[in-house]
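Protein chains: 2
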Amino acid sequence: MMFKPVSEQLELIKRGIVDLIPEDELIRKLESSRRTNQPLRVKLGCDPSRPDLHLGHSVVLKKLAQFQRLGHEAILVVGDFTGMIGDPSGRNKTRPPLSLEETRINGQSYFSQASRILDKDRTRIVYNSDWLGTMTFSDVVKLASRYTVARMLERDDFEKRFKAQEPISVHELLYPLAQAMDSVALQADVELGGTDQRFNLLVGRDIQKEYGLEPQVIITLPILEGTDGHQKMSKSLDNYVGITDPPNEMFGKIMSIPDDLICRYFELATDVSAADLAAIRAQLADVKVNPSHLKRRLAREIITLYHKTEAARQAEEAFDRVFKHKDVPEDTPVFETHENEMAVTRLLTEAGLVASGNEARRQIGQGAVSVNNVRVTDDRMVLTIDGEVVIKVGKRRFVRVRKVSG
Amino acid sequence: MMFKPVSEQLELIKRGIVDLIPEDELIRKLESSRRTNQPLRVKLGCDPSRPDLHLGHSVVLKKLAQFQRLGHEAILVVGDFTGMIGDPSGRNKTRPPLSLEETRINGQSYFSQASRILDKDRTRIVYNSDWLGTMTFSDVVKLASRYTVARMLERDDFEKRFKAQEPISVHELLYPLAQAMDSVALQADVELGGTDQRFNLLVGRDIQKEYGLEPQVIITLPILEGTDGHQKMSKSLDNYVGITDPPNEMFGKIMSIPDDLICRYFELATDVSAADLAAIRAQLADVKVNPSHLKRRLAREIITLYHKTEAARQAEEAFDRVFKHKDVPEDTPVFETHENEMAVTRLLTEAGLVASGNEARRQIGQGAVSVNNVRVTDDRMVLTIDGEVVIKVGKRRFVRVRKVSG
Chain A
1 MMFKPVSEQL ELIKRGIVDL IPEDELIRKL ESSRRTNQPL RVKLGCDPSR PDLHLGHSVV
61 LKKLAQFQRL GHEAILVVGD FTGMIGDPSG RNKTRPPLSL EETRINGQSY FSQASRILDK
121 DRTRIVYNSD WLGTMTFSDV VKLASRYTVA RMLERDDFEK RFKAQEPISV HELLYPLAQA
181 MDSVALQADV ELGGTDQRFN LLVGRDIQKE YGLEPQVIIT LPILEGTDGH QKMSKSLDNY
241 VGITDPPNEM FGKIMSIPDD LICRYFELAT DVSAADLAAI RAQLADVKVN PSHLKRRLAR
301 EIITLYHKTE AARQAEEAFD RVFKHKDVPE DTPVFETHEN EMAVTRLLTE AGLVASGNEA
361 RRQIGQGAVS VNNVRVTDDR MVLTIDGEVV IKVGKRRFVR VRKVSG
Chain B
1 MMFKPVSEQL ELIKRGIVDL IPEDELIRKL ESSRRTNQPL RVKLGCDPSR PDLHLGHSVV
61 LKKLAQFQRL GHEAILVVGD FTGMIGDPSG RNKTRPPLSL EETRINGQSY FSQASRILDK
121 DRTRIVYNSD WLGTMTFSDV VKLASRYTVA RMLERDDFEK RFKAQEPISV HELLYPLAQA
181 MDSVALQADV ELGGTDQRFN LLVGRDIQKE YGLEPQVIIT LPILEGTDGH QKMSKSLDNY
241 VGITDPPNEM FGKIMSIPDD LICRYFELAT DVSAADLAAI RAQLADVKVN PSHLKRRLAR
301 EIITLYHKTE AARQAEEAFD RVFKHKDVPE DTPVFETHEN EMAVTRLLTE AGLVASGNEA
361 RRQIGQGAVS VNNVRVTDDR MVLTIDGEVV IKVGKRRFVR VRKVSG
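If you read the protein sequences in the order shown, they are chains A and B.
Counting from 1, one number per residue, gives the positions in the first sequence under our numbering.
Counting from 1, one number per residue, gives the positions in the second sequence under our numbering.
Okay, chain A solo, but in the shape it has when bound (with noise of 0.2 Å):
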């Protein structure tokens, strides 16, 4: 027999989700898998327009894996459909739409960074363009038709825009159900996905059994909060740690977090055990304990997770030389100049520690800025580059400034 007891896989399953919808039918899916010894096909949908994971992805995908493990199939949707059409209304300037080459690029790299979770040669990764690409108006026209407008404006953001009264295009209608519209192509069994995915995958539940089809099992994951311990973790607010981030700016960036997220960070975002889970919990409740401690363990697991466990180490070595003993880090990056003076807010722009002037101006002022430990206080001041300078912007960002002869 290929496949574990179904309360056993079950019991696995049903770890760290938020809902299962419905579990009865779970049950029997797993049953008559394990009757038949054929995996049950377990969906993840991604958005290929941000390639970039990140630990808040690997909720997730972690969960994918288990279900590999489990002897399931995971089936990578890369959303290219909706990729190419890039914001449709055209007031998105920042969201361009994507040439068929760049989803493909996009979505190997998804790929490639998700396989450091997912076993890769048991993962099938499709591109839903293929299917929904070959629509009609008059296919749309019968796929709408199977879902009322009511319905669709219960959906959480739907109804708070539409309450509040603010614009809602006829097509953010069509997209839940495009998305359905994949659970039918691909016939799946289960579908995955954050909490706030929760209602487009009970939309694919119905538009399937609308298609004659069994309707899938949806189960939804947490949404892991990002560095900063307020929002939702995600690139474009800079609170993210990337699962291919290096070793040291992982170790950093973790041991940043605030003391009240370590134990969801290793609930969500870590392989611990149930048991480890506990003791962590009751360390973390006990006063003598210096949660600092946690959260090396804690950057430790997430790095052996990605990296190898001696990376992990070294990271610790590394961020202890520049937080403990005030050094430099080892792998800090040099920034060359031919000229012998410049001006520090210049400096700071032109070797990529800041974004601007204005902010080079901010950081002076709020004296994160030292030069060779030296904070600096005057944002006028002209430095003469001699040899080698060490620059550092904030807690974590350094840079090398060495002068060429050219």
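Calculated from the structure, these hints are not laboratory results.
A couple of the hints might just be wrong.
Said to hold, decoys possible - Not the full set, but computed from the structure, chain B residues with beta-carbon under 7 Å of chain A:
#1 ILE85
#2 LEU132
#3 SER138
#4 VAL140
#5 TYR147
#6 LYS163
#7 PRO167
#8 LEU173
#9 LEU284
#10 VAL287
These numbers come from a predicted model, not from an experiment.
Virtual Cβ for every residue (Gly too), placed ideally from N, Cα, C.
Following the hints, complete the assembly by docking chain B onto the known chain A.
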């Protein structure tokens, strides 16, 4: 100069209409048409699933014919795209999808009937599946992004249904957009429709703008009441006067309308001049005038539009023979039978005077059936058929039953 002065055209166009949105744009379009000697493109949509035209349709068709006489281009858009989809929810079994062939046959039938009103040689007939049928899902998303859900739900019937929590399927929001795309594809300058089409025509205006075109001017016309005087004229309510009805049938149907509709029918369904209309209105207000004289004139006017003048006179004479002199009309159909005896209920059914045995009994119960001018009082009556028997149901349904040997 090909075109009449703008003020003259405008005066004619504005006659008998409800909405003209906006008038200043129509004036500009007429001016430019006259200056460049280019006709305006005037669009009228028609539904190929209801190919039988009646006086209700004639109201907009007459306005379209007027544009033709002013030198403009008439475009009949056969909505075969939606016709071929039918009722996509599959809930309405009475609206099966039409085949391409059926839409073409119905379109041609519509065209040939409409040619009793329009100048056939100067009417373009187009099928909207030609452009809507080539649209992809991605084209539909782009189209749907140009309109908000809230504005769509402002449409009268949507608003009522939404508030009453009656289901509106998402595809229903796509139909006004599809119709609007017709205006884009045809670059319509003007679109005509009944007042119930006002919203859809306005969507056409908006969508043309979104696609970078000069928006169409919309003109709506009143909805004609049916011969019952209550509901809008429609074949399914059996309160219609078909524009291909034979003269005698037209005459009888028109004579059956309530007196308070006489003026409205003159206004919307004939070509009498404004002066004549004023005179008719005055006569109707005069208690000394018998309204049936005006109704006779109305019937003659309408018949003359769709048949020969001679036909109107003959229809009136036939009508008089039946109704004034209690004669049997000359064109009463003949029903031939081999039998010597027949139950009167069966005879009524087989001769097509009633739809069922039940209706036969009901009509007899109401005293509406007579045989050779003698009222039938017993619904179990068996008729001996010897030579010719004339049967009458209600006021206008006759049949001559004739025994044939064999």
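Hints versus structure:
1. Of the supplied interface hints, the one on ILE85/B holds, with its beta-carbon coming within about 5 Å of a beta-carbon of chain A, less than 7 Å.
2. Because the beta carbon of LEU132/B sits about 5 Å from the nearest beta carbon in chain A, less than 7 Å, this interface hint is met.
3. Among the interface hints, the one on SER138/B holds; its C-beta lies about 6 Å from the nearest C-beta in chain A, closer than the 7 Å criterion.
4. Hint status for VAL140/B: holds, given a least beta-carbon distance of 5 Å to chain A, under 7 Å.
5. Interface restraint check for TYR147/B: the shortest CB-CB distance to chain A comes to about 5 Å, inside 7 Å, so the restraint holds.
6. For LYS163/B, the shortest C-beta to C-beta distance to chain A is roughly 11 Å, which exceeds 7 Å, and the interface hint is violated.
7. The restraint placing PRO167/B at the interface with chain A holds, with a minimum CB-CB distance near 4 Å, inside the 7 Å limit.
8. Restraint check, LEU173/B versus chain A: the minimum CB separation of about 5 Å is within 7 Å; hint holds.
9. Annotation: interface hint on LEU284/B violated; nearest CB of chain A at approximately 47 Å, more than 7 Å.
10. Interface hint at VAL287/B: violated, since its Cβ lies 54 Å from the closest Cβ of chain A, which is beyond the 7 Å cut-off.
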